[in-house]
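J.: Chains as they are written, first to last, in the working numbering: chain L, 1 to 773; chain X, 1001 to 1121.
Check before you lean on any hint, since a few could be wrong.
Claimed, not checked - In silico SDA-like pairs for lysine to any residue, Cα to Cα no more than 20 Å straight-line: (1) L:K108 with X:R1060; (2) L:K108 with X:L1004; (3) L:K368 with X:A1072; (4) L:K16 with L:G559; (5) L:K574 with X:R1060; (6) L:K12 with L:E560; (7) L:K206 with L:T148; (8) L:K574 with X:Q1061.
To be verified - Computed footprint of chain X on chain L; a stretch qualifies when at least three of its residues, placed anywhere within it, have a C-beta under 8 Å from a C-beta of chain X: (9) 44 to 53; (10) 307 to 313; (11) 613 to 626; (12) 738 to 751.
Read the hints as simulated data drawn from the structure, not as lab findings.
Glycine is no exception: its CB is placed at the ideal position from the N, C-alpha and C atoms.
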Amino acid sequence: MTPVRLFGYTDKISVKPGETIQFHVSAEGTDTAEAQLVRLVHGDQNPAGPGFIEEEVACTANGRWRVEPQFTQVGSFLEVDDPQGRLAFANSFTLFAFIHPTWPASGKRQTIIGRWDGDRKQGYGIGIDEKGHLQFWIGRGEEIERLTANVSLQVQMWYFVAATFDAETRRATLHQVGVGNRYNGLLGKVALVDYESRKSAIFRSKPGNLASTPFIMAGSRSRDAQQRACVSELYWGKIDRCGTFDQALQPAELDTIRSGLVPAMDSLVAYWDTSAGYTDRGIGDLVVDVGRHKLNARGYNRPVRGQTGWNWEGFTDCFRLAPQEFGGIEFHADALTDCNWKATKAVALPHGLKSGCYAMRLRSGRGKSLSEEHVVFFVRPGRPRARIAFLFPTLTYLAFANERLSFDHPEREALTGQSAVLSDIDIEMYMRDDFGLSTYDMHADGNGVCYSSYHRPVMNMRPKYRMPSLDVASGLAADLSIIAWLDQSGFEYEVLTDEDLHRDGSEALSPYACVISGARPEYYTERMLDATEDYIAAGGRYVYAGGNGFNATAGIRDGEPWIMECRRRDDGYKPWVSRYGEHYMATDGMRGGPWKVLGRATQKLVGIGLSSSGGGRSEPYRRMPDSYHRTVSWITKGVDGEIIGDAGLANDGAAGLALDYYDRALGTPPHTKIIASSGGHTDSYVVNQQLVLYSYLGLYGSYDWRVHADMTYFTAPNGGAVFACGSVAFAQSLPINNFRNGASRVLANVVEAFAGAGRLPGFAWVNEEKQWA
Amino acid sequence: MLPLEYGRSEDRDIIVRDRFDGFRREFLRTLVNPEVIEEHRQSALGQHSERLERLLIYFRQRPLEQRYAVRAIEPFRRYQVVRLSGRRGVPPRLVDDAIYTSANDARHGLFLRCIRDLLET
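The following block holds chain X by itself, in its conformation from the complex (with noise of 0.2 Å):
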């Protein structure tokens, strides 16, 4: 392995990879409709339909800078969305003010992020 945070700079692979994630973001936008947002809702972490289990895989698979995580603020009571920095020693960052009131509510709020962004970008 390299160091953690080497100048990518001169890696040619970055620019095949981000080609890969280009065609991949537009076929996975066809993936989105209302019932796979609702399968979610109610399975965040169950047996998943393909449609849905395929854009799991794809947010799972982001670069960590790019990906999110769950703050319980208090275990099984308050629990946040943040984003990953991707650096270490620094922190997550709050992605905006909700409050879920179970782990699964902030993973359903964490994946509607993620559908935005790839819709958005």
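With the rest of the complex left out, here is chain L (with noise of 0.2 Å):
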């Protein structure tokens, strides 16, 4: 019997009250699913917090809702926009395209560019077989005649590859040389290998062409077990500028072609120049056919654009500079950006719902067979009415989506300094291959993946989820701590997402007058980013209730904001690096990699920024003189001694996990006070490797000064001020026995200042002489 699975995802993130949201909804071992609509409180289930709380709302879509498994198509690739079959070849024809396969050797075939259906075996193709070699296929519908290279391809070079049938002779030819320089593949001159070969043969027929088959790059039309049109034989590697003739072309025009011009011959049926239309603030998903017919092509989970080509001479390094070197689109047959389920419920929202974190609440099956699925979604007000808004770090959650680092990623372990936790969820979502990756992850061809994507059930997204290399709940599970404290605080609230952030700007925030972030607000747009410090600098009052936030770069194409991208450079924390050429994000044309780098290290902002991470024991923060100074003593007031923050739900202490730093060097703003630090921090703590030129022995927790969290306050112009927690886990600290404790405080008095009408506390004490109390 099938074991009973739900699995969700809406169509946007992002509400009103009164608005209508989409449910997509997959299911496995029945066909009903009980939804109820829950307002989430609390996630982490630690038994020293309060555990997980939901609050069912009464909803018109509450009750029984029927489901279906439903199939999701896995791999990038381009579908060409050809409805009257121009490239049906029934005679003569030509194809060729510049490649870069990155896992020749995949075991399993690859199309490159063809008119295939694999199923019916008709048409044509050019592709990879099992073993690696270059292979070009015709097929009329019972027998395929292939014509395979005899030399095979290499990972990660570049080839100009071209195959030709001539109807007359039969006569089918296949080339395959390579196209290296010295900067666009992985090997040089000076390796001893073989790139090329040219062969022929006579085929015995033509290939067959069928009216619904649709040319495809990087993949071939296939069917699944239910017998749905899909695409399959997905190709891994890059693709650069590819065409078609409806002749046999000669050695000499292929070569002419190999040399980077195409011949202006009436037989050229379509060239597709994958550098056209790109701007400098990005690159959409449709390919351009420059040939007579306009035959686009159009992207399916989002190809990568924007990536070298096989004429990058290795002088630039972004396709802003040089486009036509930058021709290379990336396909993985893993990418996924989107399920494209069927809508198994459109819900009008109540209109009086509170703003807040919701989730549809699916439950099927009964004791240990239940399985329960919270699909989760965030309520913005329909008009902002309370002082304070909580800002969801919904673009950190995305660059985390499903990640699986405990499984795949050799150095996760020794970054963490402990053993990963494994839940159940964790488990399958590694069995499995239909919901994606990370940005965190590579691709099975070790390439990094630059997009993550919320059309997709995103298991760690989930209110009790827990980070199992660090097993401590992590993002919207460590955030709905925050939405807890601030429920039994009493404090009048509303939400945001980072997506509303992006869209809006700086208007998002300026309703409010107090902003609080989730524990780790890592990735920004640029957007973003001058939307906070416009905020902050015309008097808005920030708390960065944090760390590692601000810190790394991100893109968001408008109008498709479930998407985002993510390049990562060589100097940061980083799961994978692009290669040179290839950090610039398509998306927005933005550099990629960490915001310090491009002069907006995160103490610019907000004061502090990351100084060390790790896992393992937290530790609590010390009271530092400045708290003592009557400018800010306010923010201890209540505080029972030195320590803030002695205990915890992230391992047992207000500093940890990511760990924030006071740098003037860095732009925190000289009139900065340093509330609390923290110390004494196990050796898996390690210094940033931004912050240091070389490695070197010596740069953890019990050796350098700056493994340490600092809590930090400044006053902004305008009335605004900005205060900083500094660590991950801090906020994690706020339920500790039933949010009586000192981080709590700490915040509380901070918020309540914050969100007051009227000058912050402390502000007549200007006079050097009388600042300390």
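With the hints as a guide, bring the two chains together.
T.: Here's what the structure looks like:
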């Protein structure tokens, strides 16, 4: 019997009361699910805290839903719009492409370009066989005729490949020539490798052409077990400029194309100039046919564009500077940016819904076979009324969405200093290949995943989720500790998401006197960063309630907020690194990697920035001399003694996981006060590699003073201010002892002052001799 | 990066790595004593002596398919030790029937397995 499983996602994650939201659900082992709208209050099930808390909410959609299994097309490819069948070659033709395979010997067939239906054995294609050899094939429905190159393709090397078919003589040819240079591939000139193959054969027949077969790049038509049309034989690697002729070209003509020119011949049917249509602010999913028929190709699961091409000379490092050298489009058979499931239910949300984090809780089965899924979304206010906003760092949730670091990344355990603690959902996700990867993972060909999406089930954006490599509640589950704290504190608040901040800029924040961040607001687009800076500079009061924030660049394309892009450079923490020349985001043209390198260290924005990170035991903060200063002594009012945060749901302390510190050299505002600092961290905590020029022994917790968290405060122009907590684990110290603890007291003092009307406490103390209490 | 599963039959680096590993293991075996095991039992995630830290650093650097993890059968209540597959899509396998009542106890069980592997091979 199939175990009962329910998975879902929504079409959007930020909605207003009264709006309609679509739920896309896939079910296994059941055809019904009990749906109940819930508001999520607290997630972490650690017995030292309040445990999991949800509130059931009345909604017309509550009740039994019909659910069904849904099909997911995994893999990126391009499909050509050819309604008149111009690519259905009945007679002679030529196919050509520049290719850079990243996993030629994958053990599976790959189609590079072609109009091929593998189930019906109809059409033609040029691709790679199971052993990594280039192949040209045709079929008429019964047998497949193949012509295979006699040398295998080298991984990560550029080739010009072409296949011709002369219908009169039935002669087929296959050409494979290496076009590597000093920069564009894995191997240099000194490697003794045979790249070239030229083969020919006489085929017995001509290709068949089904009207329903699409011309596809990086895959070919197939059918799944239910006979639904899908794309398989997916290709791993880059494809640069490619095209077709309706005649069999001669070797000299192919040599001309290989040199970068395309003959202006009447027989040219399509020429996809993969570098056409670039703008400085991004590249879309449409690949343009610059030939006379305009047979444009549309990307599916977002092929990676703006990659270095076959003719890249290495002098420029960005597609904006020499687009013609960056025509590479990268494909991965395990890419996924949209499950494209049918909508299971469109739900009109109640008009009076309180702003907050919600989920449609779906349940099916009984007892031990009960399957429960929380499909999470966020409700922002219809019209802002509260003085406080909590900003869910949804872009960071996306960056980590469905990460599998504990299984796949050889350095993860060394980084956290502890063995992974895997839950059943982690193991299940690792076994499945239909929910995609995170920007922390690598595709199976070893290349980093640079797109992540919420149009798929995101199993670590769930209230009870624990991150296995750290064995703590993380992301949404950690941020709910701040929501639960706000709820019990009695503060009126509303919630926003990164998506709203990116779309609306500082206008998203400006209605609020006080904005509170999540525990790890790590990924920021330029627009989000600008909006936050403008909000604070215009008098906004900002609580940076975490650590490792505002650290990494990210891109979101207008109109498609469900996909985020992330490129990684060699100057920061990174689970993988983009190849040279591929550090710039195709989404918006911004350079990927840490913001610090771009002149926007976190310290410039909120006073502190990443000093170190690690796993294992967390530590408390101790009050620092500044905290007694009359301008800021109100922050620690009511705190008993010197220690703040000596317990927590994340390894028993408020300072842990990732720590931020004050650094004038990185832009901490000059008048910033250090309220408290942590110390005594274990050697699992290592200094942020962006802060050091060399690697050397002793960059660890018990050796290097920089391994600590600073809790800081500064006033900003126009009555604004920033309070920074300094650590990712801080939020998880709030629920301890039923929210009665030093960390909770400090945050309450700050939020109360920030949300209040009028000037901030301590403003009147201007003469230095009277500053000390 | 090369594909996660590429043929390593021609990769000579493995010979160098294995030789280093042999020397390293020989030395690490001399560090194992009852005190170091007791230290880990008392504080699996704390600050460690150099002797214990050296052993742990080694265990964390083993090839993925030779590494263990903890499986939470029921968070905060029941745990087991599993061995990673090192192959994408292949789940970890159970190494024995021992059930631990805390993650820390399971971490120590995992540590003892690593010690046993070190001493026996």
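J.: Confirm or reject each hint.
T.: Do the hints match the structure? See the list:
Proposed proximity of K108 of chain L and R1060 of chain X is contradicted: the alpha carbons are some 33 Å apart, above 20 Å. A threshold of 20 Å between alpha carbons decides the hint, and for K108 of chain L with L1004 of chain X the separation of about 15 Å falls inside it, so the pair holds. A C-alpha spacing of about 16 Å is found between K368 of chain L and A1072 of chain X, which places the hinted pair at or below 20 Å, so the restraint holds. Pair hint K16 of chain L plus G559 of chain L holds up; C-alpha atoms about 18 Å apart against a cutoff of 20 Å.
Restraint check for K574 of chain L and R1060 of chain X: the C-alpha separation of about 18 Å stays at or below 20 Å, so the hint holds. Pair hint K12 of chain L plus E560 of chain L holds up; C-alpha atoms about 10 Å apart against a cutoff of 20 Å. The straight-line distance between the Cα atoms of K206 of chain L and T148 of chain L is roughly 17 Å, inside the 20 Å bound, and the hint therefore holds. Proposed proximity of K574 of chain L and Q1061 of chain X is supported: the alpha carbons are some 18 Å apart, at most 20 Å.
Coverage of a stretch by a chain is defined here by at least three residues with a beta carbon nearer than 8 Å to that chain's beta carbons; for the segment 44 to 53 of chain L and chain X the count is 3, and the condition holds. Given as covered by chain X, the segment 307 to 313 of chain L fails the check, having 0 residues with a CB less than 8 Å from a CB of that chain where 3 are the minimum. Counting residues of the segment 613 to 626 of chain L whose beta carbon lies closer than 8 Å to any beta carbon of chain X gives 3, which meets the minimum of three for the stated coverage. Note: the segment 738 to 751 of chain L has 0 residues with beta-carbon separation from chain X under 8 Å; the three-residue rule is not met and the coverage is violated.
Taken one by one, the earlier hints fail for this structure at numbers 1, 10 and 12, listed in ascending order.
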